[in-house]
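Start from the sequences, fold in the hints, and give me the full structure.
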Amino acid sequence: MLDLRLYMLQRITALLMAPLVLVHLIIMIYAIQGGLSTAEILGRTQGSLIWFLFYGTFIIAAAIHSAIGLRTIAFEWIGIKGPLLTVFMLAVGLTLFLLGARAVWAVTYA
Amino acid sequence: MQLTDIERHDTDILILGSGGAGLFAALHAQQSADAGTKITLAVKGLIGKCGCTRMVQGGYNVALGGGDTVERHFMDTIEGGKWLPDQDMAWRLCEQAVVRIRELENEIGCFFDRNADGTLHQKAFAGQTADRTVHKGDLTGIEIINRLMEKVLASGVEKMQEHRAIGLIPTADGSALAGVLMIDMRTGKFRLVRAKAVLMATGGGPTMYKYHTPSGDKTMDGLAMALRAGLPLRDMEMVQFHPTGLLAGEHTRMTGTVLEEGLRGAGGQLINHSGQRFMFDYDDKGERATRDVVSRGIYAEMRKNNNPENEGVFISMSHLGPDSVRQKFKGMVKRCADSGFDLAGDKVEVVPTAHYFMGGVIVDVNTRTALEGLYVAGEDAGGAHGSNRLGGNGVANSTVYGGIAGDTMAADIRSIKSLREPDNAILEEELARAIHPLSRKPQLVLPLRKQLQELMWDDVGVIRTKSGMQQGLAGIKNVSDTLMEIGVDDSNLAFNLTWHDWLNLRSLCDISEVVTKAGLARENSRGAHHRSDFPDSGQMQDSEFTVARLEGDKVTVNREPVQFTLVRPGETLLPADAPDTLVATV
Amino acid sequence: MSSNTIAVTVHRGSGTSKELRTETFDVPAYDNQTVLDVVSWIQQHADPTLSYRFACRVGMCGSCAMMVNGVPRWTCRTHISKVLLDNTVEIAPLRNLPVIKDLAVDMDPFFDKWVAAEGVHHTAVTRDDPIREIDTSGESRQQADAGIECINCSVCFAACDTVAGNADYLGPAALQRAWTLLNDTKDDGREKILAAVSGKGGCHNCHSMGSCTVYCPNELDPMSAIAGLKRETMKQFFGGRKSTATKQGQGDA
Amino acid sequence: MGGYLRMKALARSHPLWLAYILHRVSGLLLALFLPVHFWVLSMAITNPQGLDTLLLLTDSVAVKLAEFGLVFLLAVHMFGGLRVMALEWLPWTGSQKTLIALVSAVSFFIATLFFLRAV
Ligand SMILES: Cc1cc2nc3c(=O)[nH]c(=O)nc-3n(C[C@H](O)[C@H](O)[C@H](O)COP(=O)(O)OP(=O)(O)OC[C@H]3O[C@@H](n4cnc5c(N)ncnc54)[C@H](O)[C@@H]3O)c2cc1C
Ligand code: HEM
Ligand code: SF4
Ligand code: F3S
Ligand code: FES
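Protein chains in written order, with our numbering: chain A, 1 to 110; chain B, 1 to 586; chain C, 1 to 253; chain D, 1 to 119.
The set of hints was computed from the structure by calculation and includes no laboratory data. All C-beta atoms in this analysis are idealised placements derived from N, C-alpha and C, irrespective of residue type, glycine included. Check each hint, because a few of them may be wrong.
Which residues of chain C face chain D? A few of them, derived with a C-beta cut under 10 Å, are [what the hints assert, rightly or not]: (1) Arg21; (2) Met209; (3) Val214; (4) Ala227.
Here it is in structure tokens:
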């Protein structure tokens with residue numbers, strides 16, 4: 001059920017996320033050495049355009065990527081098909097995007 | 001079960017069998033026929049996945065220049081067949097093979113082995129005077145059939161898979177064929193398919209022998225049907241044995257399957273149970289002699305050895321270096337290993353094994369038979385090979401004549417306005433014949449099949465005698481009569497293999513009788529037919545072929561002189577200065 | 001073998017009936033016995049109504065495949081000793097195909113997909129043209145050669161979980177055939193093939209789980225063939241190598 | 001039924017399939033877990049105190065495990081994904097199976113390292 005376009009979209013977003021995830025992971029490991037706190041997180045990210053773009057890109061990519069991924073799983077394992085499958089995919093993508101966007105906004109500009 | 005239980009189905013062209021002949025016929029019929037012609041392919045197994053063309057290893061004979069000519073191919077075929085072939089058929093075979101190979105290569109897309117310079121690689125099978133055999137490794141048949149099968153599957157031809165033809169049904173006046181009665185094996189229901197033209201390409205298959213190579217679906221159904229329809233069958237005594245079939249015991253279907261010819265060519269040795277190499281006692285060429293000679297050598301050696309525990313002889317390759325054998329014969333080594341034998345390092349027990357049936361329905365060079373509306377091609381048709389088929393001529397024959405049949409049927413049906421009405425009396429007879437076992441007490445069919453195979457091997461096998469064959473005839477009758485008493489559990493006829501085992505054995509009994517009677521009628525030794533009571537080949541000029549037919553309920557065999565339409569014994573079509581052979585001697 | 005019989009559990013029934021069940025038979029053990037021989041013994045001696053399919057009996061026709069202890073195999077080429085677990089073996093119809101009856105499946109969906117993947121030679125020339133010279137040392141010929149010996153037995157098709165979950169998926173054998181043709185310098189169907197394998201049942205559905213390659217009895221490698229298709233379709237996606245004109249040169253002479 | 005399960009297990013016990021299922025499960029869990037993660041973060045605006053209490057909780061083993069499970073999953077999934085793309089896009093020859101198995105082993109190793117360092 002996966003055609004070339006969805007496939008490419010999933011791969012491109014994956015490639016995009018890979019460096020972002022790496023950086024994020026390294027920072028997290030570095031950061032958690034002394035335990036996490038709101039202030040610490042916000043101190044780093046608040047008002048930073050770089051971090052906004054960084055996490056912004058990530059959540060867009062993640063929303064697309066995992067929407068396609070869950071679509072595949074829903075099709076193969078649960079048997080959802082046809083228009084419902086597309087609706088499912090879009091819903092997953094949108095939910096992830098909105099939740100993510102809210103979080104990014106929260107830690108950067110809010 | 002009554003006539004009204006038979007489902008009816010109509011088509012324009014009906015093809016029985018999906019070997020080289022059947023598939024080519026389907027393609028050619030489609031290319032040649034008027035638009036809208038309905039073509040149906042009915043086959044006992046799955047399309048392209050049954051029959052022997054798929055099992056072709058060595059390759060495809062065709063003269064493609066480089067010194068080789070159609071004339072040379074033809075002369076090899078005639079001499080290989082010991083002057084018994086129908087010369088017009090043999091000629092057409094050699095000539096059309098050239099077209100067919102281009103078709104296979106260019107249109108069907110076969111992937112044949114090449115020389116370093118990019119041209120087709122050709123090698124020489126035993127009995128050939130030129131490097132002529134086109135191949136794809138030693139899996140040539142898989143390549144040819146896979147490619148053909150794809151084309152046919154994509155062509156929109158109507159598929160009737162796992163449909164077994166059981167009877168040719170003529171019109172009431174007997175002047176033409178009306179249709180074919182079949183069993184839809186998946187449901188167990190009967191189906192009558194009417195057609196303007198029917199090609200029978202069910203591929204013969206001498207599986208009435210204890211050791212045999214053909215695929216399990218081949219049980220002489222076609223020839224048995226043709227016999228009942230009153231058609232004349234020629235060369236029915238001619239059963240080709242391959243010298244080296246695997247001997248793995250009677251409990252495995254692996255027994256009888258071919259260990260390839262190339263093993264002997266590469267220097268494999270045949271060794272008897274006392275550890276002796278024996279082939280040089282029979283022929284100067286030793287293991288490299290032709291199939292019939294080696295088969296007889298092994299058979300004689302087996303007869304000498306009276307211990308039933310040690311039945312066959314051994315093929316030994318290890319002196320060539322196990323690693324090199326493993327590398328050169330990868331497929332064979334793996335196949336042996338899968339059944340528990342070490343071909344590379346140890347010796348493997350072998351026996352001669354019934355391989356190919358030269359006999360068949362008498363046809364003209366356009367595959368037409370004596371019965372209007374019935375066409376026959378491939379191994380079911382007699383004539384092209386005479387008393388012996390050259391390695392590589394089998395698949396050439398089926399593909400050439402299959403294609404011709406397709407074209408001929410497409411042309412012939414143009415003048416046929418409507419389908420013919422079947423003779424209900426014969427339909428009823430054929431139906432009764434098929435359901436005969438269903439009303440009897442179920443018993444095992446297998447022991448009876450073994451009994452037939454055993455006696456055919458012993459009495460009508462590699463080396464024959466009058467008394468042996470007479471004994472064989474009595475044995476066949478016994479098996480045949482017993483079979484009529486044996487019933488089959490009819491609780492579920494869907495995919496009921498035991499019912500089909502019964503029907504298989506029915507066909508095999510009928511044709512075994514013909515083989516034996518034809519063998520008795522030929523009082524000399526030619527090609528595949530060897531009689532120790534008549535070891536002489538007879539004068540080539542006076543060559544006769546046997547013609548068997550059913551008269552009333554009796555099989556009669558006559559002999560007819562071979563017509564030397566193109567070349568007479570002692571003569572050749574080759575120029576006077578042509579060398580005897582173009583094959584470089586090693 | 002410790003005892004001289006084998007306990008063989010066979011899955012019975014037909015796709016439509018709800019009477020799917022298992023039955024266990026005690027089959028005498030012999031030397032040189034394949035799984036097909038065991039199945040045949042049951043039909044020939046114990047239950048004449050048992051249905052299964054075979055033809056060539058030597059690994060050439062690809063019509064005898066079944067699930068043997070959960071693994072798809074050619075039964076004619078599998079020695080029984082290789083699959084026995086405590087003298088028992090469980091035999092079921094090939095996975096991912098509709099069951100006709102007992103151990104015989106309907107292989108049509110497999111072949112329909114073969115054709116749908118454009119697994120049919122695309123003709124450029126006719127029987128009236130000469131046979132072309134082909135450079136066998138070339139990369140593409142080697143690629144084509146790698147998958148040419150597929151006997152369409154459907155073992156890989158049965159092994160693949162993606163096929164199980166995704167009814168549209170063309171499956172490993174069909175895609176491998178498409179890849180072979182794409183590399184065959186004689187084939188003229190590049191556009192069609194790439195379109196066919198980029199569709200909704202195409203190569204992009206494959207998750208590279210590799211069961212096809214692991215279980216192919218012919219030691220072929222459909223997984224890598226499918227990866228090849230993914231690469232080619234991607235090149236096409238980025239507008240890189242524009243179809244046509246790529247395959248000349250080698251064939252014509 | 002036990003036999004059936006045993007059969008299924010047999011058919012799939014090879015490295016490529018295990019890599020596939022690992023990738024799929026990690027992807028699935030990520031997709032399920034990420035929204036939670038986002039929700040937690042967005043508390044930064046709506047309810048900073050709440051976030052702090054929550055972050056304090058990260059000291060408790062259970063929450064720590066959950067948070068770091070995310071890190072772990074991300075690492076596993078990412079390396080698994082890079083593995084898939086390498087497998088598909090780089091024309092592997094010959095002994096690719098072992099190579100790929102090796103790559104997955106190494107990626108798993110790195111992922112575990114992350115995990116251990118985190119905890
Ligand atoms: C192991 C082996 C190796 C061989 N190697 C070579 C070689 O190297 N070179 C060579 O030239 N020849 C070789 N031959 C011979 C060659 O295979 C045959 O000559 C040729 O393929 C016969 O083709 P065919 O189309 O007539 O029959 P087949 O290919 O046998 O096809 C017969 C078809 O008819 C079907 N059928 C049978 N009965 C019925 C029925 N009642 N109703 C409907 N359908 C039915 C079968 O299922 C099958 O589809 C070999 C044969 C064998 C067995
Ligand atoms: C960090 C970099 C990432 C990479 C390199 C990556 C890579 C991939 C790849 C290549 C696939 C396709 C697998 C296949 O078709 O078999 C995939 C599938 C998937 N990914 Fe990711 N991914 C990443 C991040 C994520 C994230 C953050 C999520 C979740 C939010 C996610 C969720 C999924 C899901 C649910 C699938 C479907 C799994 C399947 O089809 O088996 N991925 N990923
Ligand atoms: S790739 Fe292998 S397993 Fe798959 S159909 Fe071909 S031969 Fe069978
Ligand atoms: S098993 Fe299936 S998922 Fe792909 S690698 Fe083979 S086709
Ligand atoms: S019977 Fe032909 S492959 Fe097994």
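Do the hints match the structure? See the list:
A distance limit of 10 Å between C-beta atoms decides the matter here; for C/Arg21 the minimum to chain D is near 13 Å, and the interface restraint is violated. With 10 Å as the threshold, the beta carbon of C/Met209 comes within range of chain D, its nearest partner Cβ sitting at about 4 Å, so the hint holds. Below 10 Å, beta-carbon pairs count as interface contacts, and C/Val214 has one with chain D at about 5 Å; its hint therefore holds. Among the interface hints, the one on C/Ala227 holds; its C-beta lies about 4 Å from the nearest C-beta in chain D, closer than the 10 Å criterion.
When each numbered hint is compared with the structure, a violation occurs for hint 1 only.
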